[in-house]
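Listed here are the chains, written in short residue letters.
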Amino acid sequence: MTPPSKPQSMTELTAEPKPRTLPLRRTTVDHSRVVDDLLDRPQKVVARDVNFFYGEHHALHDVSLSIPQNCVTALIGPSGCCKSTFLRCINRMNDMIEGTRLSGQILLDDVDIYRPRTDVVELRKRVGMVFQKSNPFPKSIYENVAYGPKVAGIRQRSQLDEIVEKCLRRAALWEEVADRLAASALQLSGGQQQRLCIARALATDPDVLLMDEPASALDPKSTARIEDLIFELKDSYTIVIVTHTMKQAARVSDQTAFFYEGRLVEVGATTDVFTKPRQRQTEDYITGRFG
Amino acid sequence: MSSAPSVTAEKPVVSGGPRRWGEPLMHGLLWLCALASVFVTISIVLILLVESLEFFRQVSVVEFLSGTVWEPHATPARFGILPLACGTLLVTAGAAIIAIPMGLGAAIYLSEYATPVVRDVLKPVLEILAGIPSVVFGYLAIVFISPIVRSLFPQADVFNALNASIVVAIMILPMIVSLSEDVLRSVPRSLREGAYALGATKLDVTAGVVVPAALSGIMASFLLAIARAVGETMAVTLAAGKRPQLTLNPLESIQTMTAYIVETTKGDVPRGTLGYQTIFAVGLTLFLATLALNVLAQWILKHMREKYE
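Here the protein sequences line up with chains A and B, keeping their order.
Take the first sequence: its position 205, counted from the start at 1, is 205 in the numbering used here, and no numbers get skipped.
Take the second sequence: its position 76, counted from the start at 1, is 76 in the numbering used here, and no numbers get skipped.
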């Protein structure tokens with residue numbers, strides 16, 4: 001879909017200041033620049049003709065989508081359009097559901113993750129995931145973050161301490177929990193729990209971070225914190241986020257993909273998709289005519 | 001709207017309808033049903049208490065609880081419950097040592113590893129195992145288990161505590177498996193997914209997340225199973241022998257509290273004598289032990305369970 005990456009231009013591009021929020025209807029933005037930016041980056045994840053089945057049910061139809069590195073890609077669409085299904089294909093989370101099947105290819109750094117002999121455990125260390133409902137383990141805050149590194153074989157206490165602090169800082173939670181790392185994670189508020197889950201996902205040092213409606217169960221203030229966080233994290237990670245709210249997609253993402261009834265209807269730079277959608281369905285959805 | 005006098009206006013709406021006798025009648029009948037179980041429970045506890053009190057008027061509680069010889073029908077009679085308690089403890093501990101690891105293992109297998117087909121076959125089989133009458137287990141212990149135990153340990157008595165432990169372990173196994181499996185399966189799917197998403201293997205997820213999350217329920221299932229083992233009567237009466245003695249050697253013949261009660265109730269000790277009243281004192285001790293285990297299990301379930309919402 002897109003030509004191979006030009007890594008040498010990367011640093012220059014990431015150094016450029018990004019607009020903090022992308023307003024819904026402002027036509028003065030230089031779209032071509034944004035589009036070039038997306039195309040110039042290495043493509044971290046490339047889906048080619050992905051079809052996905054739950055038993056007999058054909059859920060995803062011929063989805064081809066490139067996800068550029070160090071960008072935020074938002075997957076939007078009405079409920080039941082299978083955007084979460086697509087997200088869960090990227091770390092093979094759907095493998096856990098009986099009777100599912102995928103055809104086509106999903107490349108992570110040019111390697112097909114669905115080829116036989118793929119080590120799914122290794123894959124999931126490189127592709128972290130944050131879920132819609134925060135799901136901290138019923139363990140201490142420390143143990144939650146240390147879980148990933150521990151199963152990866154890190155046993156040294158000092159090393160774990162370091163990872164836990166680094167990830168909690170990255171997830172903007174360190175200040176709030178530094179003095180009670182041994183407390184149960186279930187005592188945290190909803191927003192804190194979700195940031196803990198983000199810290200936990202960062203602790204395996206993934207390249208890609210998948211987020212399935214990470215803020216849908218949170219109040220506006222916690223949502224804003226998560227969005228700030230996503231904005232900061234994209235310098236180090238490639239982020240794919242499923243979201244129900246158009247505004248969130250517009251605020252946090254660089255690229256937006258619109259799914260409808262299991263098909264990828266349109267994908268492009270977020271500013272383009274929101275200001276001059278090419279497809280009628282996209283326009284109807286983002287202007288709130290359905291969905 | 002304003003005209004058209006309402007036809008129904010003259011009919012009384014609220015009062016004077018047909019009297020519904022059925023409602024209060026059913027209410028009362030159901031209340032009686034509920035009351036019956038409470039009444040029976042209280043009565044049993046009262047009878048136990050009153051009869052035991054009669055016994056403890058003649059034998060001091062200290063002697064009863066600390067005595068190391070149980071010879072209620074000898075002269076002079078000695079009423080130290082420790083040998084019987086020791087017998088119960090020996091059988092129960094042995095059964096727990098065998099049944100807990102096996103039961104937990106089977107529960108984890110059924111909940112985490114078994115395919116739906118395997119589970120659909122294994123669960124009903126376990127339920128059948130739970131439904132086998134305990135007297136059958138008792139003679140199986142004598143006919144099959146005892147010879148095996150004696151071929152492995154030639155010094156073992158024909159009736160011995162190990163027989164009883166093995167057979168009681170088999171009896172409480174379905175309870176542990178079924179209760180533990182329920183709590184394991186009720187661990188939210190989201191927790192499992194969260195762990196898998198971090199690159200955990202199935203073993204990591206099971207041992208590091210699912211089992212710890214279900215631990216309170218698992219512990220409660222152990223306690224309920226142990227309470228069942230303490231109260232188990234028929235199989236241990238047949239398998240363990242009837243020699244009350246203070247020993248921790250599972251190969252010797254012993255007597256449990258339940259087995260003593262069976263023996264004395266069926267025996268020729270005249271009613272109203274001190275020897276006869278021992279069964280109430282022993283019964284009360286048993287009751288308190290199982291009650292404590294049940295209360296502890298309930299407490300663990302209520303206070304240690306992690307809240308996921």
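Note that these hints are calculated values from the structure, not bench results.
A couple of the hints might just be wrong.
Sample of chain B residues with no beta-carbon within 12 angstroms of chain A, all distances over it, derived [as the list claims (entries may be wrong)]:
1) L140
2) L191
3) D268
Here are the simulated DMTMM-like cross-link-like pairs (lysine to aspartate or glutamate), alpha carbons at most 25 angstroms apart as the crow flies [stated by the list, open to error]:
4) A/K166 with B/E193
5) A/K139 with B/E193
6) B/K202 with A/E122
7) B/K266 with A/D112
8) B/K202 with A/D119
9) B/K202 with A/D179
10) B/K266 with A/D228
11) A/K150 with B/E112
12) B/K202 with A/D112
13) A/K133 with B/E193
14) A/K139 with B/D182
15) A/K133 with B/D204
16) A/K166 with B/D182
17) A/K150 with B/D204
18) A/K133 with B/D182
19) B/K123 with A/D179
20) A/K139 with B/D157
21) A/K150 with A/E176
22) B/K202 with A/E176
23) A/K139 with A/E165
24) B/K266 with B/D157
25) A/K150 with A/D179
Even glycine gets a Cβ: it sits at the ideal position worked out from N, Cα and C.
Verification of the hints:
1. Taking the minimum C-beta to C-beta distance to chain A, about 39 angstroms, the non-interface status of B/L140 holds against the 12 angstroms cut.
2. Residue placement check: B/L191 does not keep its beta carbon more than 12 angstroms from all beta carbons of chain A (closest about 6 angstroms).
3. With a minimum CB-CB distance of about 58 angstroms to chain A, B/D268 clears the 12 angstroms threshold, and the non-interface call stands.
4. Taken as a hint, the A/K166 and B/E193 pair is honoured in the structure, with Cα atoms around 24 angstroms apart against an allowance of 25 angstroms.
5. Distance hint between A/K139 and B/E193 is fulfilled; the C-alpha atoms sit about 16 angstroms from each other, no more than 25 angstroms.
6. This hinted pair checks out: B/K202 and A/E122 have alpha carbons roughly 13 angstroms apart, not beyond 25 angstroms.
7. A distance of roughly 76 angstroms separates the Cα atoms of B/K266 and A/D112; the hinted pair therefore is violated under the 25 angstroms criterion.
8. With a C-alpha separation of about 13 angstroms, the suggested pair B/K202 and A/D119 falls inside the 25 angstroms cut-off, and the hint holds.
9. Straight-line distance between C-alpha atoms of B/K202 and A/D179 comes to about 33 angstroms, which puts the hinted pair past the 25 angstroms bound.
10. About 79 angstroms separates the Cα atoms of B/K266 and A/D228, which puts this hinted pair outside 25 angstroms; it is violated.
11. Our distance criterion of 25 angstroms between C-alpha atoms is met by A/K150 and B/E112, whose separation comes to about 21 angstroms.
12. The straight-line distance between the Cα atoms of B/K202 and A/D112 is roughly 23 angstroms, inside the 25 angstroms bound, and the hint therefore holds.
13. Between A/K133 and B/E193 the CA atoms are separated by roughly 11 angstroms; this keeps the pair inside 25 angstroms, and the hint holds.
14. For the hint linking A/K139 to B/D182, the alpha-carbon distance of about 21 angstroms falls within 25 angstroms, and the restraint holds.
15. Distance hint between A/K133 and B/D204 is fulfilled; the C-alpha atoms sit about 22 angstroms from each other, no more than 25 angstroms.
16. A hinted pair counts as satisfied when its Cα atoms are at most 25 angstroms apart, and A/K166 with B/D182 does not qualify at roughly 38 angstroms.
17. A C-alpha spacing of about 10 angstroms is found between A/K150 and B/D204, which places the hinted pair at or below 25 angstroms, so the restraint holds.
18. Note on A/K133 and B/D182: the hinted pairing holds, with a Cα-Cα distance of about 23 angstroms set against a maximum of 25 angstroms.
19. Restraint check for B/K123 and A/D179: the C-alpha separation of about 47 angstroms exceeds 25 angstroms, so the hint is violated.
20. Of the supplied pair hints, the one linking A/K139 and B/D157 is violated, its CA atoms being roughly 49 angstroms apart against a limit of 25 angstroms.
21. Restraint check for A/K150 and A/E176: satisfied, since their Cα atoms lie roughly 24 angstroms apart, inside the 25 angstroms limit.
22. A threshold of 25 angstroms between alpha carbons decides the hint, and for B/K202 with A/E176 the separation of about 33 angstroms lies outside it, so the pair is violated.
23. For the suggested pair A/K139 and A/E165, the alpha carbons sit about 17 angstroms apart, so the restraint of at most 25 angstroms is met.
24. Restraint check: the Cα-Cα separation between B/K266 and B/D157 comes to about 24 angstroms, which is no more than 25 angstroms; the hinted pair holds.
25. Taken as a hint, the A/K150 and A/D179 pair is honoured in the structure, with Cα atoms around 22 angstroms apart against an allowance of 25 angstroms.
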